[in-house]
Every structure is written in structure tokens, then in C-alpha cells.
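> Chain by chain, the residues run as shown.
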Amino acid sequence: MQSARCAIRKERAMYAIRKMVLEALILAVIGVLVAVTVNVVRASGSITFTRNYFDKGLGRNLPTPNTTLVTSPNQVVPMTGSESPSGASAESGTSQPATDAHVEHPYQMVTFDEVVAIFNDPNTASGANVFVDARNKDAYEDGHIPGAIQADHYQLEDCIGPVLDYAESAEKIIVYCAGGMCEDSIFLCCDLVDFEIPCDRIYLYHGGWDEWSKSGMPIAKGWEED
Amino acid sequence: MTGTTSIIRRSDESGISLLLIRLVLGGLFIYMGMNKVSDPVDFLRLIRAYGMAPETPPYLLNGTAIVLPWLEVVCGIALVLGLWVRGAAVLIAAMLCVFTPVVMARALQIHSAEGTPFFKIAFDCGCGNGVEIIWIKVFKNTGLLLLSLLALLLRSRRFGLAALLVRRRAADIGCCPGAPAVCCADEHDGDSEDLSAVPAGTTDGV
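Residue numbers (the working numbering), protein chains in the order written: chain A, 1 to 226; chain B, 227 to 432.
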């Protein structure tokens with residue numbers, strides 16, 4: 001009698017497990033189908049399945065780091081002492097070697113003081129220098145360097161057009177993102193090079209928005225139509 | 227085992243406990259999943275930070291960023307509706323069993339690399355809730371894991387869509403379809419499923 005009950009219990013347990021696995025499989029299939037469908041039909045924000053979003057381009061079509069890209073001092077506008085904020089990194093008037101604390105990349109870097117100097121350069125207003133904000137739209141609208149154009153590496157097809165229009169005629173293209181560990185500015189530099197913007201005109205501002213916004217510099221909010 | 231089982235059975239009788247678990251767990255997963263769905267690229271960046279999937283080729287990383295948020299939403303909806311509850315609960319438990327140690331490992335990595343006190347470590351873990359203090363996140367996830375295990379154990383299917391469907395089908399054909407004949411005897415009220423998953427050989431109640 002007991003063995004019969006055990007057999008019944010065993011059969012019930014196996015049925016329960018089979019049913020649970022089947023349910024999980026059905027839900028997983030539904031999840032995949034919904035995810036793929038939404039990813040295909042959504043107007044913005046979709047992920048291209050085959051795209052490597054994190055290819056920094058080293059060895060792709062770029063020069064080797066620290067060879068042709070180290071900036072000479074006269075390429076950077078000299079800074080003015082009165083514009084140097086306290087607490088900002090003010091190491092020198094020249095660009096850094098093409099590496100930073102956490103990742104190697106082949107782009108010339110500019111310090112906060114150099115960026116301030118470029119920002120205050122009268123030629124910047126006339127389009128000789130252009131700032132490119134590599135963060136997403138929401139972050140840009142919350143605040144950005146005045147005059148900067150937004151270009152999101154991850155939504156490149158939506159925003160690269162205006163950037164290229166400016167970049168093709170600009171002497172200096174200063175690309176920044178959030179700062180710190182953010183690498184989006186590096187990815188955008190790779191994109192600009194892919195679109196045949198000369199590497200020696202691209203400058204990476206590693207301090208980014210974090211440094212700029214905390215330094216008492218002017219900021220702009222909302223969308224800049226230009 | 228006997229004591230634990232009887233406590234669970236007693237709390238299960240009303241069906242309220244499972245209903246609450248379903249609503250809390252399902253609601254949270256829908257909320258967190260939809261937050262990720264709203265910005266899949268941001269989620270992609272966040273999961274990349276764990277370094278668990280290769281960047282080249284990008285298929286695993288991109289596929290995870292596309293599918294995972296919707297898997298959470300679908301499981302959450304199933305729980306809230308009370309349909310395929312055990313399947314949803316086991317998927318959620320599996321996800322939590324992966325997420326929690328991974329988040330913990332990254333926090334420990336930051337702790338050892340930067341010397342930040344463990345209880346002060348906070349980052350956006352990609353969980354759908356922005357920047358969070360990690361030890362609290364791990365604590366919450368452990369709680370959610372317990373809830374999902376409870377959802378696996380509880381038998382009542384009152385207040386769920388599945389109960390309605392089973393009752394209707396049982397009325398149509400006189401038994402639960404696809405189940406062994408021994409299940410039918412337990413489904414007389416249509417409110418409980420015979421899915422206790424009691425291991426074979428257990429003598430409890432025999």
C-alpha cells in the first residue's frame with residue numbers, strides 16, 4: 001500500500017517538474033519573441049544585434065597610439081590664468097599622451113584648461129572649433145557645454161549628420177562624455193574617424209561633463225537648434 | 227521537513243499568501259524590466275561592465291540586452307496574472323541566482339581594487355533601479371529569491387487565471403488534461419494544483 005502511494009507521489013512530482021519546465025520554456029520563448037519583435041519595430045533605442053558597440057577601433061583603421069597622434073604644444077590654444085578654476089586639473093598647456101587612466105586609445109587628450117581656452121576662443125563661436133557631446137539625448141538636454149552638438153555613439157544613424165557637417169570644416173573637434181570611467185567619447189572619436197574626419201583634428205576631453213559642470217563654467221540646457 | 231511543509235500548507239490554504247507573493251514579485255519584475263526596456267542601449271552598457279560576455283563577437287552581449295528585460299517583464303506578467311506561476315517563478319529564481327552573485331562579485335572587486343568600504347559601495351548594477359547601495363541590493367535580491375522559491379512551493383491557485391482555465395477545462399472533460407490519472411482526484415475544487423513536487427519516498431503524511 002505504501003509503495004503504491006510512493007509511486008503515486010513520484011509520478012505526481014515528475015508531472016509537476018515536467019509541467020514547470022514546459023511553462024518556463026513557453027515563457028522564455030514568448031520573452032524572446034516579444035523582445036525581438038519590439039527591437040525590430042521600435043522607433044528608437046533598438047540594438048543592432050550584429051554591431052559591436054564597444055570596438056575602440058584600435059588596429060581597425062587608426063594610427064598606432066603614441067606615434068602620429070601626440071599633439072604638439074602649438075596645436076592647443078594657450079590658456080588664460082583667470083579662467084582656470086580651482087580644483088580642476090591644470091597640469092600643463094599641452095595635450096596629454098594618447099592614453100588615460102583606464103583605457104588605451106589613440107586620441108589626443110585635452111585638459112580642462114585647454115578646453116576652457118578653446119571654449120573662450122573667439123573662433124569657436126564662428127565654427128572653427130566644435131564641441132561634441134557624446135552622451136545620450138536625456139543627459140544632453142539636462143545640461144551640456146554651450147554650443148555643443150549631441151552625438152550618441154549608440155544611436156549614430158540618428159545624429160551623425162549634423163556633427164559631420166560641423167566637423168568637416170572645424171579645426172578642432174572636442175569630444176566629451178560624462179567623464180570618469182565613461183568611454184562613450186572614445187567610441188565617438190572612432191566613429192568620426194570612420195567617417196573620415198582626420199584624427200589630428202579630434203580632441204578628447206577626458207574630464208567630461210562631470211568636471212565641466214562642477215567647475216562653475218557656463219552650461220546650456222535643452223535642445224540647441226542650429 | 228514535516229514542520230516546514232505543514233507551515234507552508236497552512237499558510238497556503240487561503241491562497242492569499244501566494245497572491246501577495248505573485249503581486250509583489252511580478253510587479254517588481256515588470257517595473258524593473260520596463261525600466262530596462264525603455265533604454266536598451268544603456269542596459270547594454272551596464273551589463274558590459276560586468277565583463278562576463280565577450281565583446282567580440284557581440285551576439286551574446288547584444289542578445290542578452292535585447293532579451294533579458296522582456297523575459298523579466300513576461301515572467302512578471304505571468305506571475306501577476308497567475309498563469310504558469312511555477313514556470314515564471316523558476317525563471318525568476320534562475321535569473322536571481324545569476325544576477326546576485328555577479329553583482330556581489332563586482333562589488334567585492336571594487337572593494338579590493340579601490341579600497342572603498344564594502345557597505346559604501348554603490349553603482350548602477352543594471353537592475354533597473356539606477357545607482358544602488360550594493361549590500362542593500364544583494365539583501366533585496368535574496369528576499370526576492372526566497373519569494374520566488376515560495377511561489378514554487380505554494381500550491382493554491384486561487385485568484386489566478388490558471389485556476390479559471392483549469393476549472394473550465396476540467397468541467398468540459400472531467401479531468402485535468404495531460405495529467406496522470408492520479409492528479410484528477412486532487413483537483414476536485416479546481417483551486418489547487420497537484421504540483422507539490424514532494425520528493426519520491428518522502429513519508430510525510432503517508
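For the record, the hints were derived by calculation from the structure and aren't laboratory data.
Nothing here was measured: the structure is a model prediction, and the numbers come from that model.
Using N, Cα and C, we set each Cβ at its ideal position, and we do this for glycine too.
One or more of the hints may lead you astray.
[Stated by the list, open to error] Covered stretches of chain B, going by a simulated chain A footprint (3 or more residues, C-beta under 8 Å):
| # | stretch |
| --- | --- |
| 1 | 279–286 |
| 2 | 312–325 |
| 3 | 341–351 |
> Now look at each hint and say whether the structure bears it out.
Quick rundown of the hints versus the structure:
1. 279–286: Our answer is that it holds, as 5 residues pass the Cβ test (under 8 Å) against chain A, meeting three.
2. 312–325: holds (count 5)
3. 341–351: Coverage by chain A is violated for the stretch 341–351 of chain B (0 residues, Cβ < 8 Å).
Hint 3 alone, counting from the list given before, is not met by this structure.
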